[in-house]
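Use the sequences and the hints to build the structure in full.
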Amino acid sequence: MSTPKTLYDKLWDAHVVHEADDGTCLLYIDRHLVHEVTSPQAFEGLRMAGRPVRAPERTIAVPDHNVPTTAGRDDPKNMTEDSAIQVAALDKNAKEFGIHYYPVSDVRQGIVHIVGPEQGWTLPGMTVVCGDSHTATHGAFGALAHGIGTSEVEHVLATQTLIQKKAKNMKVEITGKLRPGVTAKDITLSVIGATGTAGGTGHVIEYCGEAIRDLSMEGRMTVCNMAIEGGARAGLIAPDEKTFAYCEGRPNAPKGEDWDKAVAYWKTLFSDEGAHYDKVVTLKGEDIAPVVTWGTSPEDVLPITASVPSATDFEGGKVEAAQRSLDYMDLKPGTPLSDVEIDTVFIGSCTNGRIEDLRAAAAILKGKKVKDGLRAMIVPGSGLVRAQAEEEGLADIFKEAGFEWRLAGCSMCLAMNPDQLAPGERCAATSNRNFEGRQGYKGRTHLMSPEMAAAAALTGRLTDVRDMM
Amino acid sequence: MDKFEKLTGIAAPMPLVNIDTDMIIPKNFLKTIKRSGLGVNLFDEMRYDREGNEIADFVLNKPQYRETEILVAGDNFGCGSSREHAPWAIKDFGIRCVIAPSFADIFYNNCFKNGILPIALPQEQVDVLMRDAEKGSNARMEIDLEAQTITSSDGDVFTFEVDEFKKHCLLNGLDDIGLTMENVDTITTFENDVLTDRPWI
Ligand code: SF4
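Heads up: the protein sequence lines correspond to chains A and B, in order.
If you want the numbering used here, it's the 1-based position in the first sequence plus 17.
If you want the numbering used here, it's the 1-based position in the second sequence plus 77.
Note that these hints are calculated values from the structure, not bench results.
Any given hint could be a false lead.
Interface residues of chain B toward chain A, partial, derived using beta-carbon atoms under 10 Å [claimed, not checked]: (1) V94; (2) K111; (3) M123; (4) R127; (5) N130; (6) S159; (7) I183; (8) K243; (9) I254; (10) T263; (11) I278.
We treat Cβ as the ideally placed atom computed from N, Cα and C, and that holds for glycine.
Rendered as structure tokens:
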């Protein structure tokens with residue numbers, strides 16, 4: 018019998034074009050997603066070398082990182098000058114090199130990691146890359162997906178391949194059922210809390226177990242999205258009937274005979290019994306609580322019922338880092354997390370900007386008002402998510418509650434557009450990074466689920482959503 | 078790409094763990110469409126106050142570290158985003174080598190594409206080099222990529238691991254794309270086979 022393979026092994030083997038003696042491989046790339054921030058220098062490189070894009074039909078571009086999320090944005094005059102330059106560069110490069118493109122004016126525009134799956138570009142069994150670390154999101158489909166730098170973007174544009182060495186296999190199993198009020202975001206944050214931001218370094222994580230199977234495709238994307246925050250090159254979930262149902266009928270998914278052939282192939286994409294993992298982490302679904310971050314690293318995770326830790330609770334280099342975090346976040350050890358007051362709420366990003374996230378937030382906000390004086394913003398992940406939320410009446414719930422209802426983009430996830438925290442402001446955010454300055458210079462970020470962010474909007478402090486259910 | 082063979086230079090100590098890409102180059106500097114000119118904004122929020130004045134006690138602002146070519150840092154250096162602006166800023170400042178107990182994957186790869194040598198060493202050895210770096214401009218570290226050694230100013234010698242292929246490219250300043258293009262026929266064959274098996278690609 019042949020050696021049992023993991024899902025990652027299978028995906029890898031199916032894409033190796035060439036392997037050198039030292040194990041360095043040339044890996045074929047099925048889908049290349051491109052956005053305006055990490056691509057201009059790559060296209061410039063092609064132009065200088067006189068090279069075309071090798072597979073423009075497998076290359077998809079969309080501006081998302083620094084587009085404004087307010088009305089009138091398709092007029093470049095309403096963008097800052099340098100944002101307009103980057104977006105114009107993407108417009109020009111997409112046209113000149115003949116790649117698929119969703120401009121700002123297109124209803125299908127949105128965050129690249131939301132648009133890819135939505136349009137059926139991301140499918141099981143594929144290799145997907147993008148000049149953005151949260152490309153890991155697409156692993157939810159059983160696709161090998163990871164972020165690359167600009168030099169690699171240029172390499173993929175020119176050759177449709179990537180030079181890679183195989184990573185190690187890591188299994189993260191979430192057993193049993195989640196308790197009420199606990200979401201995919203709590204799973205992924207709790208895993209990082211348990212393993213640290215370097216816990217997955219050098220590995221590809223496969224998430225499995227009953228709690229993962231039970232998640233919708235949206236939830237699975239949330240989990241895989243943050244694999245990178247755990248240091249892993251990619252996150253993976255084996256495709257199943259839910260995956261196929263999500264893909265079926267999408268604009269770029271196969272049809273007819275090709276569809277049947279594809280599904281037959283996708284059904285072979287699972288880890289074989291007895292396959293070897295270099296590292297295994299198991300969490301019990303029942304043990305996971307709604308969590309928030311207190312510090313400036315995504316590993317600084319605690320249940321909402323806990324209190325702010327003290328730097329001396331840690332060891333080694335983390336003592337200094339924790340102290341720095343506490344100072345930056347202006348938090349006193351021992352303060353109950355649910356006493357921490359916030360002034361801003363941001364619901365959106367490629368982690369939690371999908372329709373299911375908006376439905377979850379709306380369920381908490383329905384018929385209620387955000388706390389006086391609080392700034393609250395909802396930024397749908399794509400124009401289509403936005404349209405659907407309007408159709409379902411969610412937009413009205415948000416507006417009546419006092420949320421700003423924005424156009425699609427990355428927005429305050431990384432604050433490259435005008436949506437930023439002012440120094441000292443404290444935000445309950447559904448995004449994925451709480452680094453210093455991430456949401457604005459000296460801004461303070463607490464990461465959490467959309468449900469928890471909605472609850473915080475109502476009370477004006479970090480809040481256990483279970484108290485509102 | 079610039080070659081990297083040997084380097085003797087000033088090393089700056091940054092003992093912090095989890096130095097992320099947002100610290101290395103904050104996002105307001107990502108709006109460039111060029112690769113150069115980012116060095117002045119390396120570690121911008123740690124290096125300057127809001128008015129743009131230098132913060133005197135930040136290591137790279139100290140007189141003895143202004144010509145730093147080597148960085149000695151804490152665990153998990155370069156975590157966070159895939160932005161290549163991080164290695165571009167490091168390189169543009171004049172730093173050609175980063176030493177740390179571990180690196181984030183994407184950042185580690187990005188370094189090699191830009192003529193920067195990232196070296197991962199066990200914590201105890203990084204601690205020794207950190208103390209050496211604290212001595213300032215009198216202490217010059219020597220990095221020899223061919224021999225895979227670091228020599229501290231006290232004469233301690235540490236050997237380091239580096240992938241053969243990456244070493245070869247760095248030593249010779251080779252461009253990945255050019256190398257891959259030599260395999261273009263293999264790519265075409267692979268592509269044709271795949272399209273037969275998986276026509277939906
Ligand atoms: S939403 Fe945030 S994490 Fe996602 S792609 Fe945009 S900036 Fe990156």
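The hints, checked one at a time:
1. The restraint placing V94 of chain B at the interface with chain A holds, with a minimum CB-CB distance near 4 Å, inside the 10 Å limit.
2. Using the Cβ-Cβ criterion of 10 Å, the hint placing K111 of chain B at the interface with chain A is satisfied: the shortest such distance is roughly 7 Å.
3. Taking 10 Å as the C-beta contact cut-off toward chain A, the hint placing M123 of chain B at the interface holds, the least distance being around 9 Å.
4. Interface hint status for R127 of chain B: upheld, as the beta-carbon distance to the closest one in chain A is roughly 7 Å, under 10 Å.
5. Of the supplied interface hints, the one on N130 of chain B is violated, with its beta-carbon coming no nearer than about 15 Å to a beta-carbon of chain A, more than 10 Å.
6. Annotation: S159 of chain B was flagged as interfacial toward chain A, and the flag holds, the nearest CB pair being 4 Å apart, inside 10 Å.
7. Hint status for I183 of chain B: holds, given a least beta-carbon distance of 6 Å to chain A, under 10 Å.
8. A distance limit of 10 Å between C-beta atoms decides the matter here; for K243 of chain B the minimum to chain A is near 9 Å, and the interface restraint holds.
9. Given hint, I254 of chain B at the interface with chain A, holds; its Cβ is 5 Å from that chain's nearest Cβ, closer than 10 Å.
10. Given hint, T263 of chain B at the interface with chain A, holds; its Cβ is 5 Å from that chain's nearest Cβ, closer than 10 Å.
11. Annotation: I278 of chain B was flagged as interfacial toward chain A, and the flag holds, the nearest CB pair being 5 Å apart, inside 10 Å.
Of the numbered hints listed earlier, the single one contradicted by the structure is hint 5.
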